[in-house]
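J.: Letter by letter, the chains look like this.
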Amino acid sequence: MQITSPSFKKNARGALSDVQLQKALGNVRLGFIDKRIKAVDALPEFDALRDSARDIKDHALAHLDLYLESYEEKVTAAGGKVHWAETAEDARKAILEICRAAGARTVTKGKSMITEEIGLNDFFVENGIRPVETDLGEYIIQLRGEHPSHIIAPAVHLNKEQVEEDFRRVHTHLPEGRDLTEPETLLAEARRVLREEYFAADVGITGANFLVAETGTSVIVTNEGNGDLTQTLPKVHIVVASIEKIVPTLDDVGQILRVLARSATGQDMSVYTTFSTGPRRQDDPDGPEEYHVILLDNGRSSMLGSEFQDMLRCIRCGACMNHCPVYHAVGGHAYGWVYPGPMGAVLTPSLIGVDKSGHLPNASTFCGRCEAVCPMHIPLPRMMRHWREREFSRRLNPATQRYGLRAWAWFARHPRLYQLVTSFAIPGLSLLAGRRGRFGYLPFAGGWTRHRDLPAPESRTFMQQWRNRETLKQGGRT
Amino acid sequence: MSGRNAILGKVRASLGAAGDDGARRKSVAGRLEAAPKGVIPARGQLGRKERIELFCQMAGKVSASVKRVKKDADVPTAVVEYLRSRNLPATVRMGADERLAAMPWEKAKSLEVTHGPAGPDDEVGVSHAYAGVAETGTLALHSGQDNPTTVNFLPEHHIVVVKAGDIAGDLETVFDRVRQTFGKGQMPRTLNLVTGPSRSGDIEQKLLLGAHGPRALHLIVVDDG
Numbered sequence: 366m367q368i369t370s371p372s373f374k375k376n377a378r379g380a381l382s383d384v385q386l387q388k389a390l391g392n393v394r395l396g397f398i399d400k401r402i403k404a405v406d407a408l409p410e411f412d413a414l415r416d417s418a419r420d421i422k423d424h425a426l427a428h429l430d431l432y433l434e435s436y437e438e439k440v441t442a443a444g445g446k447v448h449w450a451e452t453a454e455d456a457r458k459a460i461l462e463i464c465r466a467a468g469a470r471t472v473t474k475g476k477s478m479i480t481e482e483i484g485l486n487d488f489f490v491e492n493g494i495r496p497v498e499t500d501l502g503e504y505i506i507q508l509r510g511e512h513p514s515h516i517i518a519p520a521v522h523l524n525k526e527q528v529e530e531d532f533r534r535v536h537t538h539l540p541e542g543r544d545l546t547e548p549e550t551l552l553a554e555a556r557r558v559l560r561e562e563y564f565a566a567d568v569g570i571t572g573a574n575f576l577v578a579e580t581g582t583s584v585i586v587t588n589e590g591n592g593d594l595t596q597t598l599p600k601v602h603i604v605v606a607s608i609e610k611i612v613p614t615l616d617d618v619g620q621i622l623r624v625l626a627r628s629a630t631g632q633d634m635s636v637y638t639t640f641s642t643g644p645r646r647q648d649d650p651d652g653p654e655e656y657h658v659i660l661l662d663n664g665r666s667s668m669l670g671s672e673f674q675d676m677l678r679c680i681r682c683g684a685c686m687n688h689c690p691v692y693h694a695v696g697g698h699a700y701g702w703v704y705p706g707p708m709g710a711v712l713t714p715s716l717i718g719v720d721k722s723g724h725l726p727n728a729s730t731f732c733g734r735c736e737a738v739c740p741m742h743i744p745l746p747r748m749m750r751h752w753r754e755r756e757f758s759r760r761l762n763p764a765t766q767r768y769g770l771r772a773w774a775w776f777a778r779h780p781r782l783y784q785l786v787t788s789f790a791i792p793g794l795s796l797l798a799g800r801r802g803r804f805g806y807l808p809f810a811g812g813w814t815r816h817r818d819l820p821a822p823e824s825r826t827f828m829q830q831w832r833n834r835e836t837l838k839q840g841g842r843t
Numbered sequence: 191m192s193g194r195n196a197i198l199g200k201v202r203a204s205l206g207a208a209g210d211d212g213a214r215r216k217s218v219a220g221r222l223e224a225a226p227k228g229v230i231p232a233r234g235q236l237g238r239k240e241r242i243e244l245f246c247q248m249a250g251k252v253s254a255s256v257k258r259v260k261k262d263a264d265v266p267t268a269v270v271e272y273l274r275s276r277n278l279p280a281t282v283r284m285g286a287d288e289r290l291a292a293m294p295w296e297k298a299k300s301l302e303v304t305h306g307p308a309g310p311d312d313e314v315g316v317s318h319a320y321a322g323v324a325e326t327g328t329l330a331l332h333s334g335q336d337n338p339t340t341v342n343f344l345p346e347h348h349i350v351v352v353k354a355g356d357i358a359g360d361l362e363t364v365f366d367r368v369r370q371t372f373g374k375g376q377m378p379r380t381l382n383l384v385t386g387p388s389r390s391g392d393i394e395q396k397l398l399l400g401a402h403g404p405r406a407l408h409l410i411v412v413d414d415g
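Protein chains in written order, with my numbering: chain A, 366 to 843; chain B, 191 to 415.
Calculated directly from the structure, the hints in this document are not laboratory data.
Virtual Cβ for every residue (Gly too), placed ideally from N, Cα, C.
Some hints here could point you the wrong way.
[To be verified] Facing chain A, a subset of chain B residues (Cβ under 10 Å, in silico):
1) Val259
2) Lys261
3) Ala263
4) Thr267
5) Val270
6) Ala286
7) Thr339
8) Val368
9) Ser390
10) Gly400
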């Protein structure tokens, strides 16, 4: 997919004035946060489980090479095949080869961010294979030629009227007068249309939430059941997963599952948690005849041992973006590549380079909610700060910003002057703002005030207030 | 093979580790062998009676319907009752599961039972669960000669028989049982953990039942089982 992260600012401006998008984003603000907190509050062990989940991933990452070896051995023993892919291109090639060998014309797909990362759908189309997304949200955005705007709710940027329009445009074989005004009727129509695709497909592709070293198992966690039909009905099942999905044992999956669904959708468990190991057994009446796993690195091995290693603990629950004020304001597409929100602001520079995505770690207020809700205790704000530092030391940000920072740094290191100037400027601004306490417009700050007010400073500087307080305290004592 | 060596090489270089490092290998082998349990929520750690009640209650919370019967022989009648209450045709699809086969289906005279993997036209599937998990109202079902996975996903209505004695407090107990049944480190092709009927919230975050899997999940819990 085309990377538009370099034009994040332009994307964000577009998003802020997109009426449909702003309406749809209301569903993120309303839906996810309450559900998560209810589920978390109902489980007294939640925080202990977060610690446990973090420790499991830390251990797995510290021994990743060895667990990958054990995992491969088990997959092979169960009759499956592991294909190692260093890059997105290697992964695409390996997948195409398997599909060609199976004579595939139609490929159904369960929801998978990793296939977004390697741009699999476009590649399939270029090579004469028809990919069909089967997750409802993914299906909708595929019809629109769009990409997911959220890692677990790919069509969260859309309203039902838009979906109706797309269904009418594409499903021309269905009667024109049918009722598609409600989500219920839209879902029923998608179910009917996709049923035929599951049976028509030659190959089914899913991602993986976990790869289990103990047993050579891939695990998917879904609510719709589309992933299961995708991997059960065609004769070939391909799992595409990145190397950091490895966990040691089934019990480790159990620990992480308990924080995954609660953090994502506020469910105790997602509806379907499916463990797949190898192809169908000799006497099995159904299931795929071939089972392949594409193990993708694509830059992750370089994150190990760096200040970004903790990011590899991410289990893609989406809690960070569900709680992010920046994501709430601009939605996922503005981030310009596969992964949006705070996790995207850290992961995207690691995978495509900070030169292309430097705006992302800067698009944060550092409010810290992402880290507070992250089930894997990933220090997202700290890692965004690391990216900002790297960006600065590589001189990637614009000259005005760099000089501005330098000027401020000089100023801040001369406290007397700093205090003198602010002691005039702060009360001045406060006076200018008047009783409203906010600015609707400020010269040189149009980028800020176009979409929101700038809060005016208190009437006195912090230092002035502090001195006052201290004086009062001492006065009180005597 | 080159991709494999390159990736493993990069991982080792980044971790500053050598592949033949004995201490690291020991740590990995130890964890795979011991499979430590971690934190088990107190919620499911109950006596048999309370555990079964919790299972039924949690299954209800995720929109499954639950019918408790006394013994195996009551199951066919319970199936017919469910079909009637939902105005469904008296036809069900099931695998060759021995536990189901041993039930007196002839008692349910009007009912037509067909066997084998499910197809696109099967409206009702019947399965026997391998286990239940009280903590979350979850069912465990596994594939095998007698248990087609398609029965769990293609029909609009999925009826699952669970023996009360197979209901565990937590997931970890079920994993242990899987290790006993299939051997440590071995798994069936598919192990399905099912928690309620299928659903989607993809359109305006409005939660709807019946996405691509069953619209309805009906559990028959056999108390004497």
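J.: Determine for every hint whether it applies to the structure shown.
T.: Each hint, compared with the structure:
1. Val259: violated, 25 Å
2. Lys261: violated, 28 Å
3. Ala263: violated, 27 Å
4. Thr267: Interface hint status for threonine 267 of chain B: violated (27 Å vs cutoff 10 Å).
5. Val270: Interface hint status for valine 270 of chain B: violated (25 Å vs cutoff 10 Å).
6. Ala286: For alanine 286 of chain B, the interface hint holds, since the closest Cβ of chain A sits about 8 Å away, which is under 10 Å.
7. Thr339: Where the cut-off is 10 Å and the nearest Cβ of chain A is about 5 Å from threonine 339 of chain B, the hint holds.
8. Val368: At about 7 Å, which falls below the 10 Å cut-off, the nearest Cβ of chain A leaves the hint on valine 368 of chain B intact, so it holds.
9. Ser390: holds, 5 Å
10. Gly400: holds, 7 Å
Going through the hint list in order, the structure does not satisfy hints 1, 2, 3, 4, 5.
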